[in-house]
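> Below, each chain spelled out in residue letters.
Protein chains: 4
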Amino acid sequence: MKEILENARKLMKGYCRVCPVCDGRACAGEVPGMGGLGTASAFKANLAALAAYRFNMRLVHDVKKPQIRTTILGKSLSLPVLAAPIGGVSFNMGGGVSEAAYIEALIQGSLAKGTLGCTGDGVPEFIHQTGFQAIQAAGGMGIPFIKPWEDDELFDKLERAQATGADIIGMDLDAAGLVTLRKMGRPVSPKSVTELKRIRAAVSGKFILKGVMTVADALLAAEAGVDAIVVSNHGGRVLDFARGAAEVLPAIHAAVKGKLTVLADGGVRSGGDVLKLLALGADAVMIGRPFSVAAVGGLKTGVEQYLDKIMLELEQCMVLTGTASVADVDPAILTDS
Amino acid sequence: MKEILENARKLMKGYCRVCPVCDGRACAGEVPGMGGLGTASAFKANLAALAAYRFNMRLVHDVKKPQIRTTILGKSLSLPVLAAPIGGVSFNMGGGVSEAAYIEALIQGSLAKGTLGCTGDGVPEFIHQTGFQAIQAAGGMGIPFIKPWEDDELFDKLERAQATGADIIGMDLDAAGLVTLRKMGRPVSPKSVTELKRIRAAVSGKFILKGVMTVADALLAAEAGVDAIVVSNHGGRVLDFARGAAEVLPAIHAAVKGKLTVLADGGVRSGGDVLKLLALGADAVMIGRPFSVAAVGGLKTGVEQYLDKIMLELEQCMVLTGTASVADVDPAILTDS
Amino acid sequence: MKEILENARKLMKGYCRVCPVCDGRACAGEVPGMGGLGTASAFKANLAALAAYRFNMRLVHDVKKPQIRTTILGKSLSLPVLAAPIGGVSFNMGGGVSEAAYIEALIQGSLAKGTLGCTGDGVPEFIHQTGFQAIQAAGGMGIPFIKPWEDDELFDKLERAQATGADIIGMDLDAAGLVTLRKMGRPVSPKSVTELKRIRAAVSGKFILKGVMTVADALLAAEAGVDAIVVSNHGGRVLDFARGAAEVLPAIHAAVKGKLTVLADGGVRSGGDVLKLLALGADAVMIGRPFSVAAVGGLKTGVEQYLDKIMLELEQCMVLTGTASVADVDPAILTDS
Amino acid sequence: MKEILENARKLMKGYCRVCPVCDGRACAGEVPGMGGLGTASAFKANLAALAAYRFNMRLVHDVKKPQIRTTILGKSLSLPVLAAPIGGVSFNMGGGVSEAAYIEALIQGSLAKGTLGCTGDGVPEFIHQTGFQAIQAAGGMGIPFIKPWEDDELFDKLERAQATGADIIGMDLDAAGLVTLRKMGRPVSPKSVTELKRIRAAVSGKFILKGVMTVADALLAAEAGVDAIVVSNHGGRVLDFARGAAEVLPAIHAAVKGKLTVLADGGVRSGGDVLKLLALGADAVMIGRPFSVAAVGGLKTGVEQYLDKIMLELEQCMVLTGTASVADVDPAILTDS
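Residue numbers (this note's numbering), protein chains in the order written: chain A, 1 to 337; chain B, 1 to 337; chain C, 1 to 337; chain D, 1 to 337.
Misleading hints may appear alongside valid ones.
Intra- or inter-copy, both count: the list cannot distinguish identical chains.
Lysine to aspartate or glutamate pairs mimicking EDC-like chemistry, simulated, CA-CA at most 16 Å apart [stated by the list, open to error]:
| no. | residue 1 | residue 2 |
| --- | --- | --- |
| 1 | K64 | E150 |
| 2 | K259 | D330 |
| 3 | K2 | E30 |
Keep in mind the hints are simulated off the structure, nothing from the lab. Quick caveat, the model's predicted, so the values are computed rather than measured.
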């Protein structure tokens, strides 16, 4: 892993410093790039919100081999972790590898370890195109995410996403305020419940709505009939001073549990962070920047090794908190005092 | 904008470092200069108070084109932002441009983008003189601010300010403790309600009182008959360990809403900060140092580009919080937890 | 003042860095020297406790010329500030000036500006000897402080202190844990109420007990018949992780007001800090390190200029908070939120 | 002591920087090495939890010679401090001294000053072997700690530990998640109450269970019949984001007082820290890294000098808080506000 990170540090020079802890300080304001928008407050909030929860260490029990396999939206996954949709290698990551090589590494590396990678969307066109190709090449085993374009562009893309064979489609609504896209003249926008219903109806498989940060939006998403939401502030790249995902997750989980699958995304760096989000109500989590760094630095191998690290850490944290299964994580393993 | 900032960095050398985030750390104690007084606690408090409020990101709605135009004291403005009164280019900003060029850029740049600039006062005389000239040249489209001088000096200046054609006049009462002026032997002082009434009566147009930081002072200002107050600690330049504007704004707003127009000033750096102050009760905000940097670095163009940036950011934050109009901002878009 | 500080920086090299803000960070653990003991937590706590209180800025009033003169223990002082007892120029401050020159500067500089300086005690003998001489030379106008020695040494020194002509004598009980003295084989110790009564009886003038940090100790001090207490953690030099003076002052003031004169000491750097301690219940304050730096850097002139600075700042803060007199400071000028 | 630290700094180069304050920042993530796991959050939490408690300084009393001798598990100790079990000089500390020289210094230095050292366990075999030899050479005067191995390995080692002559045996259950051991293929694991009872029964002397961080685990430990527990997060080396020992100690103490001897371990650097943990409910404390540094830097002399320092500091803090005996420390000497 150390070699992979060093390689990434070289290839991403000027775009990502591959810091010892990826926390949004060094790259504050670097959009495009890997940073958070403005002061990077929202990026840092994701990490701060996770760090505010700490573990109650428990050792008098018999959980020696915890279960980390889970099922999400009908898919059996080797661990409750998905690679988040991130694209734009050339302008966000320095272009040290091609968009196609990058996204293929993400999809194939995830698959090799028993989970799924998501693909991103944006401008220029090859971002979603290479993503769709990678998923198609994997027999549909990946989740294409579409940005919240206006009018026909959106429905056209949803159709093409389904043509890849994917039976889960996502839309990152949190991109609706993305500075870079608006500057390129390709408007994205918020959606009303009525619009969301129309979008949902256009997807024959499962539909994930990413970018839900309030209980109100979560309830509207449920009303619109989506299958899953992702609690996410888009990695702090759209709204400076947005709250952190782990801050708002518990109330959202309480409001929609049983109705929606709840995913969470933002600031996850280790298996311990995964366990925290599960304890706060997530069914599974998405990880963003660390997968990008691993993919640029080590392609498929990098993605696999990062997943190995996460699995090992997750298991150990479960042992040390007496958590037998990711499907049933006791909130009491955490303290926020 | 990047070029303008770089130019400002050169011209303001030794007076302002044009930091990535203008937060009062690097320049602590630099009065004269661009810093906060003493430990710069009051300067930093303005930023900390704003940062303590964060946004609830909302995306399931139909606010795609928010309204940022507003009307303040009878003036229709393209956005709820005024350029705060700051003078003294030579001793505060390094003298890289002349006082006249600076203040003209501020007044004309603001006008070009549909809002108003304020002019400052102080010692030497040319500070208010160049300000008055710039407003007169703009047909009275600017707001002259007078310091709280003692006796005839004050009334004499108010008269001359009105002679520029301006129909809104301000007094920055928060300058009553200004170290630099007292050292120069030109006393400024607090004013009783009785004095304020006399001052108000001497102004035929609208009158703004700047430097209100408590509910008690706000109520006395209302009693004295002013049209508007500015919640401001004078950029942290008069009282170390004063509170931040955003801290005290909500209670002041609650006490005088409907009676007075409430402006707020202190630590505003981005369109998101503008939206926060509106949500906390301001009708419009003033921005200080960033306008000075933009004016020194790029004259009229600098001011215009800074206003473009603020407008874009404000719109985007409104989209991402579901805020349709600056005239009606829901306090619930903010959290202070 | 700037020159004086630069001179001090040279003379105190290796002992005090004369930092822009004297806050205990750079010199942490430097005892002997000018630092706080151990992690310097108690030194820093003095500053943090003061910083936690902030001012409510008030400008609509008629306090244009506030009164800073006060009377403490029968002495009329030009401002409510005393120079705290600090000795040991050679091992604490680098020895750039002699002990005699230093303490004479402190006593004479204080007198010249209308207040009193205190002298310290310790090992070697010349610390208290030079202090006693300086007070005697000033006709008894100074306050000698004696350490809490055991047995005859204490009573012997109290007698010699009174022989200087001073009619106020102090004991810094907070020195009872001083590491440096114990290592030199000269034990100091806590005192019971019985012992304190005997000590009090040995002093014919007023008696000040320094080092009271709890309500319980303050009540016992009153029971022992002392005239005044100094709320002080000995500049953070005896007990790492002691609380800050400004933290404990309000409760102590509430418990003994009307019974004892209450002085406070710790972390005062500016006139604003003086005003804060008065608002929290002190009748006057002591300032330590800044006087030492001023005395080493500029002898009598240094002490005078530092007092001028404090007086100017105190007046300005009183104007900006609407405080008419130091004898009657409204606690409501502060907020601790 | 200064020389010893400098020597340690040389010998531990690349493994420990021997920082002025040992706080886990510089070495974050260095496992193996001397750091905390991951972000070192749990290492830092130990220090932060202690720092959050501060002393109420008391000086009006007659505690001039406090008592620091105590009795723990039937042993009379000169102070309530034990050297914690740490091994692995070569991979954790740089190998500047041999494992045997290191552990002998720890055991003999502790004994020379009237207390006991603990020995560690791990991979390779010589870690526990040299520890057992050092205790045997000291006539059983030391406490061997065994890791929570699975099956026969555990019972075999317990037997060999008792063969050293030691009549107190410990198990660091907190090692159950140790990354380094698992990677070496030597599994350690949590234990159920049933397993703990079997382990307890295999020890004829006293048995200490290390790694209890919740009230629930403490009650289960009591049920299993252990004699003492150590509240410890394993120096922050097994679970990133575990809580600090001083945070959880009061509740654990309240739950098992009178039933179990309670030791605490984590972040203790000074005599003041020792006193804090006693005030929070510990009967005695363990100190880890500082002993390792002292032993590497000065062997037996280093350990003795560090113990001298701790004793002096402990006495002084007791004087300054009016604490007469370590056997009866008033919780009210602390404040957590």
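> State for each hint whether it applies.
Hint check results:
no.: 1; hint: K64 <-> E150; in the structure: between (51 Å within a copy, 10 Å between copies)
no.: 2; hint: K259 <-> D330; in the structure: neither (20 Å within a copy, 29 Å between copies)
no.: 3; hint: K2 <-> E30; in the structure: between (25 Å within a copy, 13 Å between copies)
Of the hints listed earlier, the one the structure fails to meet is number 2.
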